[in-house]
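Input sequences plus hints: build the corresponding full structure.
These protein sequence lines map, in sequence, to chains A and B.
The working numbering applies: residue 233 is where the first sequence begins, and numbers increase by one.
The working numbering applies: residue 138 is where the second sequence begins, and numbers increase by one.
These aren't lab readings, by the way, just hints derived from the structure by calculation.
Some hints here could point you the wrong way.
The calculated DMTMM-like cross-link candidates involving lysine to aspartate or glutamate, where the alpha carbons are at most 25 Å apart (straight line), are [what the hints assert, rightly or not]:
1. B/306 <-> A/331
2. B/182 <-> A/659
3. B/182 <-> B/165
4. B/261 <-> B/310
5. B/326 <-> A/331
6. A/369 <-> B/172
7. B/306 <-> B/262
8. B/326 <-> B/274
9. A/382 <-> B/180
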Amino acid sequence: MAETKLLLEHAHDPSYRTLDGYLAKGGYAGLKRALGMDRQAVIDQVKASGLRGRGGAGFPTWIKWNGIEKDKHAPHHFMLCNADEGEPGTFKDKQLMEETPFLVIEGMTIGGYATQADTGYVYIRGEFVDAARAMRKAIDEAYAAGYLGKNILGSGYDFDLHIHMGAGSYECGEESALMSSLMGERGMPRLKFPHAPLPTVAGLWDLPTVINNVETYAVAPFILERGGEWYSTLGASTKNSRGTKVFSVSGHVNKPGNYEIDFGTTLLDLFALAGGVKGTLKACVPGGSSVPMIDADACSKAVIGYEEMAEVGSMVGSGGCIVLNDQVCIVKFIWRTALFYANESCGKCTPCREGTRWLLQILERIVKGNGQPGDKELLLEICSQIDGRSFCGLGDAAAWPVVGAIKAFPQEFDYYIANGRSMVESDLVLVG
Amino acid sequence: MSELIQIGGMNERPKPPRPEDLSLRFSDRAIRELEALETHYPERKACILPALWIAQREYGGYLSGEALAEVAFRLDRSYAEIEGVATFYSMYNTAHPVGRHMIEVCTCLTCQICGAYPIAEYLKEKLGVGFGETTSDGVFTLHEVECLDACDRAPLIQVGDEYYGPVDKAYLDNLLDRLRSEAASSVVKLADEIVQVHLRETERDR
Ligand SMILES: Cc1cc2nc3c(=O)[nH]c(=O)nc-3n(C[C@H](O)[C@H](O)[C@H](O)COP(=O)(O)O)c2cc1C
Ligand code: FES
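Written out as structure tokens, the structure is:
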């Protein structure tokens, strides 16, 4: 199966990163159509498209946009772009910002118009300087040509767009922590619905805020240009996933990189697009480090779609697909995963702060050859105590990969614990 | 086996200056940048992160107690608040002064399975330092970092505002030689680039 290129069609063309080049390829047709429409009609197009958030959770985008008060009473409505891409294995937002910055800007402007937002922020992780420079250049060009700022294209709609840089923290990708960080605080999560109002009611500075992922915004121009109905024909073979999805494929494949596919494509087809597996396929983490890994057998059955991936025991997540060949020791790989979450836990809630450390301590002793009988069960027990009990999703995200790996490769854990060494005899050095 | 990656040493916190010893070092340019930034947000407090980036540039790459105190002063916040925010984020250098170049080695998942640990060992040996340490000539600080989200280029390292990858030993030998001959600090350059991307064309003056 071939790639379906929508977002990435012109990504490799440097002129697409300039306003002239973007316009020459039909850019801003979506915004122009939107500005001629009723605000609700814009939201209805997004509804018809079936677009679900590309940041990880797959939440229907139109519901967020529709949740903003229609009579604007608040001093500001905000459009917030989550460009904090921190999920290990994911690098699609980076490419979208570097190579298709105008798609993101146009998408945010369309969303802004539909929700009467006057100000937008793109929160970019601090390390992504190249992406930020590309976005800066594009925003400056858009302002100069009247695509941002006052009275956009003579429509009477005003929209300002700012860049805000992070400073090194995975947790700041979690939407409420991102808002804390933007407002000048430590990147800690806030109480969420139903215990607190939704961001669409009280987000940034307690004002109505829409927050979406970079890729989600980048889709909006196509939906407005070609219609929500048209977009919903892509991926129509799946239960409830529509359109294209950019997957970042890395690890043991011959051509690591970003590949855009229709929902409904098989996972093996995705591997083939990425040049095929290097060596013998052992497992895959299909949607970023937070999702459970699946073994080669499950890979061969996996169809890419939100519900379809659940059938093989995993998730689409953020689309960070890490491919592992048979040289990888799963126990050491999961030890490193646990180290990541222990490092990045913000420390606010006990299940996550303590739980991620315990997981790490136990995995560390197993990897050092000091595993004790019952350690596998202990890991599962701790995971069950974290999952669903942490203040934000980071705790869940720390528990799922451990449970997933133990489910898919129980014998590797048993062997390592019983023999004090890995079942996989390879010279890949996986621990420091 | 690695310890939890050190994000700011807890025991070696820099001390704030006494109020009467506060000396302000922000350049006129920095002050203009901060003024422009204040127009981007409905509340001035949101300038804390960008102001810390400005300070990291103005103070040569290290957020000393004096640097944090100046940010607190400029934004009319308490020292404790600014220190609390700064120490949360791994890219603010609050724990100790750093070298001219920071070598940030990603050992996270994809990099791990693509050979990051041998790369890290090689760098430790070649530079004669461990993670979190600076070479005696003050040129390099070595750090271990989590996924830089360019895993297609694993194994990957970051120095200043540049990513390098995939790297191998020969690549690193060349890179280190080149960096050694560069007199300008890539740590300061990174902070400056980050400040600049916040600012619109009309707000920049470099
Ligand atoms: C620990 C954690 C980290 C996250 N990191 C990101 C991220 O880097 N980028 C992102 O878009 N969403 C991330 N999310 C998801 C966001 O909270 C949020 O669901 C998303 O920005 C919504 O956008 P969407 O509806 O367009 O997907 C993260 C969630 C959690 C719990
Ligand atoms: S794992 Fe190193 S860049 Fe993602």
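Give me the numbers of the hints this structure contradicts, sorted from smallest to largest.
-> Of the numbered hints, 1 and 2 do not hold.
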